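Turn these sequences into a full structure, and let the hints steer you where they fit.
Counting the sequence shown from 1 gives a position; my numbering is that position plus 365.
FYI, nobody ran anything at the bench for these hints, they're computed from the structure. Incorrect hints may appear among the rest.
[Claimed, not checked] Across the chosen pairs, the derived CB separations fall in these ranges:
(1) Gly654 with Ala456: 40 to 50 Å
(2) Glu445 with Ala487: 18 to 28 Å
(3) Glu445 with Ala601: 29 to 39 Å
(4) Ala500 with Pro670: 18 to 28 Å
Please read all numbers here as calculations on a predicted model, not as lab measurements. C-beta: ideal position from N, C-alpha, C; glycine also.
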Amino acid sequence: MNRATQTRRSVSRHPALLLAASLVMASCGSEVTSAAGGDAGASVATGVPCEVARSLSQNCLSCHGASLARGVSNPLMTREQLLSPSSADPAQSYLQRAILRMRTSSANSMPPGAHLPEADIAPFEAWLAAGAPAATCSTDAGAVEVDASVTPGDDLPCAVQELLAAECTSCHSSPPRNGAEIPLLTRADLLAPSTAQPGMTVAQRAVVRMTDSAMMMPPGGTLPAARIQAFVDWVAAGTPGTRCDAPPVDPFAAPEQCTTMRTWTGGNRESQFMNPGQECISCHRRMRGPSYGFAGTLYASGHEPNNCNGGAPTVDAVIVEIRGADGRTLRLTPNAVGNFYTRSTVALPYTARVIVGARERRMNGPQMSGDCNSCHTQSGASEAPGRIVLP
Numbered sequence: 366m367n368r369a370t371q372t373r374r375s376v377s378r379h380p381a382l383l384l385a386a387s388l389v390m391a392s393c394g395s396e397v398t399s400a401a402g403g404d405a406g407a408s409v410a411t412g413v414p415c416e417v418a419r420s421l422s423q424n425c426l427s428c429h430g431a432s433l434a435r436g437v438s439n440p441l442m443t444r445e446q447l448l449s450p451s452s453a454d455p456a457q458s459y460l461q462r463a464i465l466r467m468r469t470s471s472a473n474s475m476p477p478g479a480h481l482p483e484a485d486i487a488p489f490e491a492w493l494a495a496g497a498p499a500a501t502c503s504t505d506a507g508a509v510e511v512d513a514s515v516t517p518g519d520d521l522p523c524a525v526q527e528l529l530a531a532e533c534t535s536c537h538s539s540p541p542r543n544g545a546e547i548p549l550l551t552r553a554d555l556l557a558p559s560t561a562q563p564g565m566t567v568a569q570r571a572v573v574r575m576t577d578s579a580m581m582m583p584p585g586g587t588l589p590a591a592r593i594q595a596f597v598d599w600v601a602a603g604t605p606g607t608r609c610d611a612p613p614v615d616p617f618a619a620p621e622q623c624t625t626m627r628t629w630t631g632g633n634r635e636s637q638f639m640n641p642g643q644e645c646i647s648c649h650r651r652m653r654g655p656s657y658g659f660a661g662t663l664y665a666s667g668h669e670p671n672n673c674n675g676g677a678p679t680v681d682a683v684i685v686e687i688r689g690a691d692g693r694t695l696r697l698t699p700n701a702v703g704n705f706y707t708r709s710t711v712a713l714p715y716t717a718r719v720i721v722g723a724r725e726r727r728m729n730g731p732q733m734s735g736d737c738n739s740c741h742t743q744s745g746a747s748e749a750p751g752r753i754v755l756p
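Here it is as structure tokens:
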């Protein structure tokens, strides 16, 4: 009997648990990116064994947490939520369906585009087989603290460090999260043998995935050739150790500050420069103001306060590009305080990036909300590290 058959039979013996699996599996995997105002809530599951809580925190709760993200409709924060009937198949609990989707290698796998290691799946199966009893686990044991803005090691070329910091390390951190299996922080990480492609290093495999639209990485879409050229050239040269004396600056390591030292003081007086940093769309909805499809504020550093004027201290043109699931693309230009907005919409989910000359910063994956500042708050919410910032 293969493992998939065993899992299905185990699930059928626990019909009340079938729903829980589908919730866990509906997990999803944001620099310019994730983003919503207010406290996102603790991303720690309750009422479950510690090992289950750890796996949920590391692989699922960035989308299925207190603040739902990436279009998911169900949280996976409690035992009760895991054991409730799955909306996809009411005969199964979310827990049961989650296990099935964790085990699949199809496009329906969860987390999307990732294959979880056995150590991350086994705790769910063991807990389910035991009848999914209520358990107590301390917050510290369940929480998995991950720095989404880890700066790569200084034994890498500057251009490679910058690419990894902007495009990769929000998932390929240490420990990895959002379904990623390995860190990509040091030259040693990149020189390690690829487990997915024997005979290749992780760096060589990364080049393949960055250039292949069928297995693209980052998952939000293939990067422009010019964006990855320095990485491709470095790998082609044999990935030599090259110390970078000026490592990339992590904008989210900056202190809380108003870089421009100018603030909006006009309250809710209607203006294109009003309330930078605040949730534009939800506020306009409450106050019956103009309706927008997308709106947000661009800043120079990651933790600027509300009403601080943003903006782009650069001579190059700044573009906020939004690309819908239908292929339609919107290109917005932030104004003098960093505000950008449009009444236009695109098919959801969408991806986004900020472009300044030859540099760019893109979201880590597709998003469902156009109210950008709702996640890109001063401290960051829903897995956003903070503000939308210049590349």
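For each hint given before, does the structure comply? Return the numbers of the non-compliant ones in rising order. 3 and 4
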